[in-house]
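> Please work from the sequences and hints to get the whole structure.
Listed below are the residues making up each chain.
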Amino acid sequence: MIDIDGITKRYGKATVVDRVNLQIPRGGVVSLIGANGAGKSTLLSMVGRLLEPCDGRITVDGHDVQATPGPELARRLSVLRQENHLPVRLAVGELVAFGRFPHSGGRLSTRDHDHIDRAIAHLDLGPMAHRRLDQLSGGQRQRAFIAMVLAQDTDYVLLDEPLNTLDMRHAAQTMDTIRRMADDLDKTVVVVLHDVNVAAHHSDRIVAMKHGRVVADGSPSEVVDRDVLRHVFDLDVPVSHTDAGPVAMHFGRACTSGDAPLASRTGEFR
Amino acid sequence: MITVARPAPQGADRRYLAIGALVLLGAAAVSLFVGVSGISPADLLAGDAQKRAVLLESRIPRLAAIVLAGSAMGVAGLIMQGLTQNRFVAPSTAGTIESATFGVLVATLWFGSGSVFAKMTLAVLFALVGTAIFLALVERLRFSDIIVVPLVGIMFGAVVGAATMFFAFRADLLQTLSAWTTADFSGTLRGRYELLWLVGGLTVLAYRYADRFTVAGMGRDHAVNLGVDHRRTVTLGLALVAAVSAVVVVVVGAIPFLGLVAPNITTLLVGDNMRRVLPVTALSGALFLLVCDILSRTIRYPFEVPVGTVVGVLGGAVFVFLIFRSRFGAAAA
Chain A
1023 MIDIDGITKR YGKATVVDRV NLQIPRGGVV SLIGANGAGK STLLSMVGRL LEPCDGRITV
1083 DGHDVQATPG PELARRLSVL RQENHLPVRL AVGELVAFGR FPHSGGRLST RDHDHIDRAI
1143 AHLDLGPMAH RRLDQLSGGQ RQRAFIAMVL AQDTDYVLLD EPLNTLDMRH AAQTMDTIRR
1203 MADDLDKTVV VVLHDVNVAA HHSDRIVAMK HGRVVADGSP SEVVDRDVLR HVFDLDVPVS
1263 HTDAGPVAMH FGRACTSGDA PLASRTGEFR
Chain B
11 MITVARPAPQ GADRRYLAIG ALVLLGAAAV SLFVGVSGIS PADLLAGDAQ KRAVLLESRI
71 PRLAAIVLAG SAMGVAGLIM QGLTQNRFVA PSTAGTIESA TFGVLVATLW FGSGSVFAKM
131 TLAVLFALVG TAIFLALVER LRFSDIIVVP LVGIMFGAVV GAATMFFAFR ADLLQTLSAW
191 TTADFSGTLR GRYELLWLVG GLTVLAYRYA DRFTVAGMGR DHAVNLGVDH RRTVTLGLAL
251 VAAVSAVVVV VVGAIPFLGL VAPNITTLLV GDNMRRVLPV TALSGALFLL VCDILSRTIR
311 YPFEVPVGTV VGVLGGAVFV FLIFRSRFGA AAA
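Quick mapping for you: the protein sequence lines, in order, are chains A and B. So in this note's numbering, the last one in the first sequence is 1292, and the numbering has no gaps at all. So in this note's numbering, the last one in the second sequence is 343, and the numbering has no gaps at all.
Just so you know, these hints were derived from the structure itself, not from any lab. Just so you know, these numbers come straight off a predicted model, no measurement behind them. Cβ coordinates follow ideal geometry from the N, Cα and C atoms, glycine included. Don't take every hint at face value.
Said to hold, decoys possible - Just so you have them, the derived chain B footprint on chain A, three or more residues with Cβ under 8 angstroms:
1) 1066-1077
2) 1123-1135
Said to hold, decoys possible - Which chain B residues stay away from chain A? Per the calculated CB distances, all over 10 angstroms, these:
3) Pro71
4) Ala146
5) Arg200
6) Glu204
7) Trp207
8) Thr245
9) Arg310
Unchecked claim - Non-contacting residues of chain B with respect to chain A, defined by C-beta distances greater than 12 angstroms in every case (computed):
10) Asp53
11) Gly57
12) Ala181
13) Thr186
14) Leu199
15) Ile304
16) Phe313
In structure tokens, the structure reads:
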């Protein structure tokens, strides 16, 4: 379980994350949503010990993320930020192999190779395993980094906007991978997402943040709700209930703040 | 399941290593028989004692010094560009070499010119502090442009160099100073280069940390994620670089551009995985320096041009080429 206890992050006078308490039990996909600047990425970075909180404590299965030795935590928890435009000249296969570093310390065993092969296959990277990152498109590179994290084989995986540079097919594939990481590999995935509908469709639980605090927390059908979304985004978003679950209609004319007429409340997609 | 993950074209680095080693062997053989005192393999077979002495006292030490210094400076540059994530940062563009030279001067002023140990200690210390100052400067920089960073380093090095020059002038040590600022192997004799073996040891040590350096070169976030202590790895790497640069300055004098040019070419060919590119870089650094040294002995035969000058001209040309390539090549790609 990830236990976030009274976490605060301030930059000067601006409080970006404000006394957040959150428990994430093992298993499933948890999405973090919210407007830009709501503090989702900052919170995720603190859980992944990329940022030091000003106040509060985070534990992962009882291990304090600030106090646990780096390599030990790296076998339990992995984190991937969204900025991966670094110009490192590594082959995709080499990068994914570095995901095993916390386990192997650089000497790859047969088991490490199995993990690497599986991660590459999962993300459909086989044909480009020998190509170098600096020769790939942004989306391909993004998938290579996700494969690295997958090869790291941690119980907890934190992903910051993994769909950012992906086209529709690869976004769907990546969400599929995330879902399978939870269902088949028994991992707990916490993922920052922009698209409420993607979050609704693929997660077991959605946590919405606003002004550094958690303002909504529940199942997709609870959070993807017109009133809740209005509160989270300060925007009136009609919600359609379809076979695939609730769909926020965050496009088109109906979508302005205030009391715009509803395009359709129910049934249109049936 | 299909096996696809065995790291990339595994052969590439091995092939370059094999070719490089052969060429290096050839150049080494040439190097042994080039010089004012004409030695040929035949003389040695005939048992010419005097020529044999020249070989043992001068030629072989010179060759060893070149290989040790060249490979170490290449690797130092490789580590530095990896850890700073900037391909134009090297000991000669970060103030490291200038600071080491300043340290040698201070040691000479305080302890006299004979104290090799004091020179080495102060050179290493100054190189460490100088490199740390450069990094602090760069961190404060608002535009961490790939060219601006080394420019700041070059300016910083020039300031340190000017201070060194000033004190050397006041102490009437300008002549001595030029021995440290321009590498020269003409004075390399048995008994006067052995400190360089230390540098060879540090190069081997760097290889032990190759994976950590690669991970640190991916940036702090990735390093933390993979459980690598980023700050410690960077500190260790830069300490290695400072120590290597300082010892080379003390024993043979500053070698410009080598730490910049060699890793730029090898990472282009082999990639940034230190475990694979580090040996290739060591080899190419040694080869580059050896070729420059052979040139420096033959251009004005029977006189010698300091090898530092030859390296400066050749390396400078490659440096300019690399800058143009990155500026316009990046835009095109």
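> Now tell me, hint by hint, if it's right for this structure.
Cross-check of the supplied hints:
Here's how the stretch 1066-1077 of chain A fares: 3 of its residues keep a CB closer than 8 angstroms to some CB of chain B, so the rule of at least three is met and the hint holds. Beta-carbon proximity to chain B at under 8 angstroms applies to 5 residues in the stretch 1123-1135 of chain A; the threshold of 3 is reached and the given coverage holds. With a least beta-carbon separation of about 36 angstroms from chain A, B:Pro71 lies farther than 10 angstroms from that chain, consistent with its non-interface assignment. For B:Ala146, the condition that its CB be more than 10 angstroms from all CB atoms of chain A holds, with the nearest at approximately 20 angstroms.
Interface exclusion of B:Arg200 from chain A stands, the closest Cβ pair being 38 angstroms apart, more than 10 angstroms. No Cβ of chain A comes within 10 angstroms of the Cβ of B:Glu204; the nearest lies about 32 angstroms off, and the non-interface call holds. With a closest Cβ-Cβ approach of about 26 angstroms to chain A, B:Trp207 is found to remain outside the 10 angstroms limit, as its non-interface label requires. Consistency note on B:Thr245: stated as away from chain A, and its beta-carbon is indeed over 10 angstroms from all of that chain's, at 15 angstroms minimum.
Here B:Arg310 stays apart from chain A, with its beta-carbon at least about 40 angstroms from theirs, past the 10 angstroms limit. Remark: the non-interface label on B:Asp53 is consistent with the geometry, its nearest Cβ contact in chain A lying 48 angstroms away (cut-off 12 angstroms). For B:Gly57, the shortest C-beta to C-beta distance to chain A comes to about 50 angstroms, beyond the 12 angstroms cut-off, and the non-interface label holds. Distance check on B:Ala181: its Cβ is at least 45 angstroms (rounded) from any Cβ of chain A, clearing the 12 angstroms threshold; non-interface status holds.
Here B:Thr186 stays apart from chain A, with its beta-carbon at least about 42 angstroms from theirs, past the 12 angstroms limit. Every C-beta of chain A lies more than 12 angstroms from that of B:Leu199, the closest at about 41 angstroms, which supports listing it as non-interface. Consistency note on B:Ile304: stated as away from chain A, and its beta-carbon is indeed over 12 angstroms from all of that chain's, at 31 angstroms minimum. With a least beta-carbon separation of about 42 angstroms from chain A, B:Phe313 lies farther than 12 angstroms from that chain, consistent with its non-interface assignment.
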